[in-house]
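Going line by line, the protein sequences match chains A and B. With the working numbering applied, the first sequence covers 1 to 337. With the working numbering applied, the second sequence covers 1 to 255.
Just so you know, these hints were derived from the structure itself, not from any lab. Remember, predicted model here, so these are calculated numbers, not experimental data. Heads up, a few of these hints could be off.
[As the list claims (entries may be wrong)] Now the in silico label distances, taken between C-beta atoms and shown as ranges:
1. Pro201(A) with Gly127(B): 54 to 64 Å
2. Gly238(A) with Phe108(B): 15 to 25 Å
3. Asn124(B) with Ala318(A): 48 to 58 Å
4. Leu328(A) with Met138(B): 47 to 57 Å
5. Thr9(B) with Thr184(A): 58 to 68 Å
6. Leu10(A) with Arg121(B): 27 to 37 Å
7. Pro148(A) with Asn124(B): 57 to 67 Å
No residue lacks a Cβ here, since even glycine has one placed at the ideal position from N, Cα and C.
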Amino acid sequence: MTQRFLPGLLIATGVLVAGLIVAFAVGRYPVSLGELFDVLWSRASGRAPSASEATENVILLVRGPRVIAAVLVGAALAVAGAAFQGLFRNPLVSPDILGASSGAALGAVLGIFFSLGVIGIEILAFGGGLLAVAAVYGIGSALQSRDPILVLVLTGVVVGALLGAGVGLVKYLADPYNQLPAMTFWLLGSLASTNAGDLIPLAGPVAIGTVVLVALRWRMNVMSLPEEEARALGVPTGPMRIAIVAAATLVTSASVAASGVIGWVGLVVPHLARALVGPDFPKLLPTCALLGGGYLLLIDTLARTVAPIEIPLGILTAVIGTPFFIWLLAGMQRNWS
Amino acid sequence: MTLSGRNLTIGYSDRVVGRGLDVALKQGEVLALLGPNGGGKTTLLKTLLGILKPLAGEAQIDGRSLDALSIRDRARRVAYVPQVHNPTFAFTVETVVLMGRTAHGGLFSGPSAKDREVADRALNEFGIAHLKERPYTMISGGERQLVLLARALAQEPQFIVLDEPTASLDFGNQGKVMREIRALAASGHGVLFTTHDPNHALRAADRAYLLRAGERIAEGAVRDVLTRGQLEALYGAPVETLTDPASRHTAFLPG
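Go ahead and model the full structure; you've got the sequences and the hints to work with.
Below, the structure is given as structure tokens:
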């Protein structure tokens, strides 16, 4: 396993750039590379574009917001996944370990149940994710234990199961012709309805959470050591854990609110990134962000192009993620990281 | 400087492990902590590190309570060498040693050029500079122990506390680690280590502290304390003494 930073970072950047080009070019209305650069350049320079207005609309209004959202969500889930895996010292952890996704899911299905409209649904999903993690953290901390990490994970599992039951109940009670399909589609994850207005409520929390995680990058290395070792190295593990969980949850909840539940990205991408640059967080976090953005962008492009109808993202990430993860396991048995 | 505990009651919120313990460690001195499993060695060690709060009494550095120091200031005075373990992530040896510099850097900063210098010096000190780029998970147990020692040295502490530093090592590496412990004391560190082997205490320590069922049963210079009688009382098992007629060195055999 090589752990060179620059080559790894270049590969991750390459994946993102390739994803961007393919995502803009491919679709029901194909756009050539020349047209893409023409439109972007004309926007940047203020000159009139030579491409048609329809092409410009496809690039800027139809694909643009969706592409940006896919990059943001992918980057966010990958960074949050890496943070949680480090914090819980377990490479099998995904960003919804503390209930962020199940809380968001319950919020969203309630929003759909009460016919709240897109903004209401997103606010409920975002709040649901934050509340669920806060509840898990509160309960986990109240239960005094010598192994706070284990208690936290178990509390997350238990609360997540309860929230899952809540989601089941709301689906059971929902109108099967209008609400239930909407709930199912949301729970499987999609960026199909993303528009420019969705980007700020997504980008804001993602930026804040990511900045905090990047700022704490070195402390996150130490936090991935056993609790007592981290403290003996001078890191106050309690407050540090709260800061990392809060930042990663902010990022996860904003992503889930914007895109629905998309599994696997936060689990698989950090593994790929570690294979490229190693587990050192100062190198891992930027690699995760680039790779996660490119990965979800490629998957989202598949989701909207391979079939006549949109394939839910959560299904594609699982179908691609599972064999990929098994392949990864086969190759890395000697070395977990 | 002295790392000390006065009239310590040690343990956890639901369980008292030991009472009335007095212990003192000066810089430049090696103290070995011996005793049967469950006798309180690790608990006492964690209390002196400040990781565990004493239930009564006070752990101090030069008369100042460890509790009154921030976790960061504590880490700049006392370093901890845990038992060799297999960590989750394959950090490079250099990154592991650099983690020892954490308490010297700001909250949001990574290792500085100076931190890298200090880490390099620590790696050289233990002769493992060639392992720098290797993943910590891919080196031998003996090498890992040296990496953890280098990390403790990079912390630039006055005291180094080691939990069974020879436990999982082969015969040759046990000797090497004991020599390094002597070297750490010679360079002015106060060293405290726990061990299951009284011969290791004889080799590497100036003083021994015998702990049984949470009580100190003896403390003093290793030659005075580590006797057949004391060890039989400590472990509740017969002990045989061997003496090399040429060097007059003594060793113990269990049973």
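Hints versus structure:
1. The hinted window of 54 to 64 Å between Pro201(A) and Gly127(B) holds, with their beta carbons roughly 56 Å apart.
2. For Gly238(A) paired with Phe108(B), a C-beta distance near 18 Å keeps the hint of 15 to 25 Å intact.
3. A hinted range of 48 to 58 Å for the beta carbons of Asn124(B) and Ala318(A) is consistent with their spacing of about 50 Å.
4. Under the hint 47 to 57 Å, the C-beta atoms of Leu328(A) and Met138(B), about 18 Å apart, miss the expected range.
5. The supplied range of 58 to 68 Å is met by Thr9(B) and Thr184(A), whose beta-carbon atoms lie about 59 Å from each other.
6. A hinted range of 27 to 37 Å holds for the C-beta pair Leu10(A) and Arg121(B), which are about 33 Å apart.
7. Taken as a hint, the range 57 to 67 Å is violated for the pair Pro148(A) and Asn124(B), whose Cβ atoms sit roughly 37 Å apart.
Of the numbered hints stated above, those contradicted by the structure are hints 4, 7, listed in ascending order.
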